[in-house]
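Let's have the full structure, built from the sequences with the hints guiding it.
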Amino acid sequence: MNNPLKLIGSMLMILFFPVLLILQGCVVATKDTLILPQIRSLFEGAYEVDPYMADHKPRTIAVLPFVNQAKSQNGSEAVRRGFYNHFSSLPFKDMELHRVDNLLRKAGLEDPAAIGKTSPQDLGKILNVDAVIYGTISDFDKLFAVIYSNVSVGAEIKMMDTKTGKMLWRGQHVTRIHEGGISTSPIGLVATIIATAMNVRDIQLLRACDDLFRDMVKTIPTLTVAEALRPPVMTLLVQDTKNLPKKSGDEIRVVIQGTPKMQAYFHIGGFKKNIDMLEQEGEPGVYLGVYKVIPGDNVSHAVITGFLRDDAGNTAEWVDAVGSVTLDTIPPDKLKKVNTVGRNNMVLLNWEKSPAPDLAGYRVYRSATPLSGFEEIARMEFSELRDEKLVNNQKYYYQVSAVDRAGNESEKSDTVMGMPVAPGPTPVSGVIETDTTWYAGASPYIIDRTVVVRDKALLTIEPGTEIRSRGGGLVIEGRLNAQGDDGHIIRFETLEAGKPWEGIVFNNVKEKENVLRYCRISNASTAITCRAASPRINSCELAANGTAIRIQGTFSKPEVVKNTIQKNTEAAILIEAGAQPVLTENIIQDNDREGIRIKSASPVIRNNQIRQNRGSGITATNIQAVIAGNNLVDNKPFDMAGEMTGEAVNALDNWWGSAQGLDILSRIRGKINIKSVLNAPYPEGKSVELPILAPVLGGTLKGDAFLILANSPYRVTRDVVIDGGATLYIEPGVAIQFDQNTAVIAQDGGVMAKGTRDDPIVFTASAASPVPGFYVSAVKFVKETKVNSAFAYCIVKYASVAFDIWFGAPEISFCHVAQNAQSGVYARNSSTPKLLYNTFFGNRGEGAITCVGMSNPSIHHNNFVENEVAIQTRSTIYIDARNNWWGSAPPDTSYIFGDLDRNINIKPWLDAPEGKAFRERK
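Following my numbering, the numbering of the sequence shown begins with 3 at its first residue and continues without gaps.
Hints may be right or wrong, so weigh each one.
[Unchecked claim] Straight-line distance between alpha carbons at most 30 Å, and here's what the computed DSS-like set of lysine-lysine pairs gives:
| no. | residue 1 | residue 2 |
| --- | --- | --- |
| 1 | LYS677 | LYS704 |
| 2 | LYS336 | LYS414 |
| 3 | LYS294 | LYS501 |
| 4 | LYS391 | LYS338 |
| 5 | LYS294 | LYS263 |
| 6 | LYS165 | LYS248 |
| 7 | LYS569 | LYS638 |
| 8 | LYS248 | LYS294 |
| 9 | LYS119 | LYS168 |
[Stated by the list, open to error] Simulated restraints, written as ranges between beta carbons of each label pair:
| no. | residue 1 | residue 2 | range |
| --- | --- | --- | --- |
| 10 | THR417 | LYS355 | 31 to 41 Å |
| 11 | GLU498 | GLY917 | 45 to 55 Å |
| 12 | PRO693 | ASP594 | 54 to 64 Å |
| 13 | THR556 | LYS924 | 53 to 63 Å |
| 14 | ARG616 | ASN347 | 45 to 55 Å |
| 15 | SER678 | GLN614 | 16 to 26 Å |
I should point out that these hints are in silico values taken from the structure, not numbers from a laboratory.
The model shown is predicted, which means the values in this text are computed figures rather than measured ones.
Here a beta-carbon is modelled for each residue, glycine too, at the ideal position from N, C-alpha and C.
Spelled out as structure tokens, the structure:
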């Protein structure tokens, strides 16, 4: 058999022969080699040995990461490894480089510059060695031409004692190599591996580092023979991966050159150790080791270290200075999503990009059958393919795989079908009785008359298909599978601008599998109607319709997820007649009417964006719903509106544009339970509880609190005392019922009770048949306070004194104060209440208004009707009571107790009842 090494040499001779002819004038030739002579080699070195080292030779030494001060910032680690390879041949106990780096990293030292500034003593404690070696790279330049190279490497090395910090030894050296040409006939195993493993640049770098440190380390004083036996000598280590990843089944070949007749082995980093090497017959001192990669071998950038050991156990080691090994036996993940679109005589394929970090490309396979016969048709780096020159209306089947840089190929994707089709338009109408597919390439499909998919049939619509209607709809009695993707939307729209079409109707399909995904539906009177139907509607856009989705019937339980529903002219979503849909993560915005209108249904509405709708965000009538985690903001007139009576609607843990109770109450109407809200928009918002009081009241409040319609009616079973600067806020429509001998008492606190004309706040007795004087007061103001109080559109009946005002200036406006036993308003001390546009009706005892002490109420535009006394004043302050209706014109002064000339002014009075004044509706 021919010698394979000589064969390689012959091939290289042929490869470089033309170059050699050009340069033959400066060639020195032998039988086995043809090498251009070295043009110039310059060596200048200096070293110094401190006398201290004579008696303090270290035994354990660590080589630190080198600091690179050269113009080129490449090669720091290669130069360090080059020094270490030569230094490790000396009879010291040197620490392996990866262990040095690991210990430094654990100590927070990774930057070579920072390590270089750390004292030898501190490094000795970290590494537990007698001495450390610092290195500074002064030169690192490479110039390569076609047949000429220039490499310059220089370094200054210092060995420092870790106990005293003294310098033991230092050396400085610069090596420059100028060469023309390379060996064209590598002889021997070493040359063969080098030829396959390294490029010219790596060879020159290896030689430069070898020249730089070979003689330098000989100047380091070493232990005597009595102190340590000299280990074997190593001069070279090389491996053949070329820094390319290797997959299962590949081989890695490693060569060491050194002392003959030794035990040889190598490590692949910390991943695989003690891999045996054999000395090659006929080549003394040359050792070859081979490692075959097996499944499960995975390591990145591992450095190969070779070892020679003699029979006495003395060991030399050498690290690969210029290369590393990466083993990758894990293929990329299977591609999960491959799409096809048929076009005229072609199929377009696209797929999701593989997330593999070491992706090299893709392979595409095709077959005429779905299960077998797949052949590779393309290799590419892009995630799409145009498969051309195909036959229309013939089915083709495809699989796609991903390949990494090591050559590992993923499992092939699931088989997908593609079919070339002639271009549209394609008219459709009438009944579909069998399974049918509408292809994107045949678009647009024109609905001339309503299309009905019968009970047993499936209509599949390819991604990217366009459907246009002359007015008729698409009625599904069987199944519809219309699944586009984010790059290929399925579009449904009218054919004639301004003429709406009937949309998609799911009619009594109940739990049958129906899917609309990545569809855009527009210009329909109702885009989607669900009658006893539960389709999945996902990632669609429903815009510019009348109503987007109408859901009816107990058997309607559709899932409506991640859709955008906007710019529709009616209520965007109608839910009625017992329907139970689930609406999650939708954007429902900018619709002319309600975002969602619910009537007699039980939906689940979670995590939606409901905003800027112009008929309220949600309106709810007679419902049992879960409404939570939604962002309800900027809807007009309310973010949510419910009924004023009946059961409250639970709307917990939503974001209302604010976490302040008063702001939220202004944005809702009706019996809406907002006991807890989000403190920021979903999904960042966290649930917080509002201080909403339970339906039974009594005790002291020292913080702001709310009475809301959802808990109404409230019952006061004992006095409610407001103190500590607190305010009690009362939502419109709330009813407060008082037991006997009870009142709301404002000490250092206030009450804000602002109802509306349609939804007044009611203060009344808790008795089934109430009578005047059943409870003490609606509100008593008994202490000075800086907290304001105001009452608007309130009805206050059956108290002894409706408003008993000892101090302060509450505003009481647009209220109906009636049938109280002693007085409607009793102003005492120096209080100054403002009484505007109220109706005082049927109050007994001292009448509608009583003023004593230095009280000075402002009384304007009120109606006094059928009271025992309209007003009486025993105040020393002049009372302003102009512009009121006193029951007749001119007033009957017998109902006005006070000096009309000196302490009460009723002129001018109103000639008719004040039309703006509020009165309870019967």
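Query raised in the report: What hints, given by number in increasing order, does this structure fail?
Result: The structure breaks hints 3, 6, 10, 12 and 13; every other hint is satisfied.
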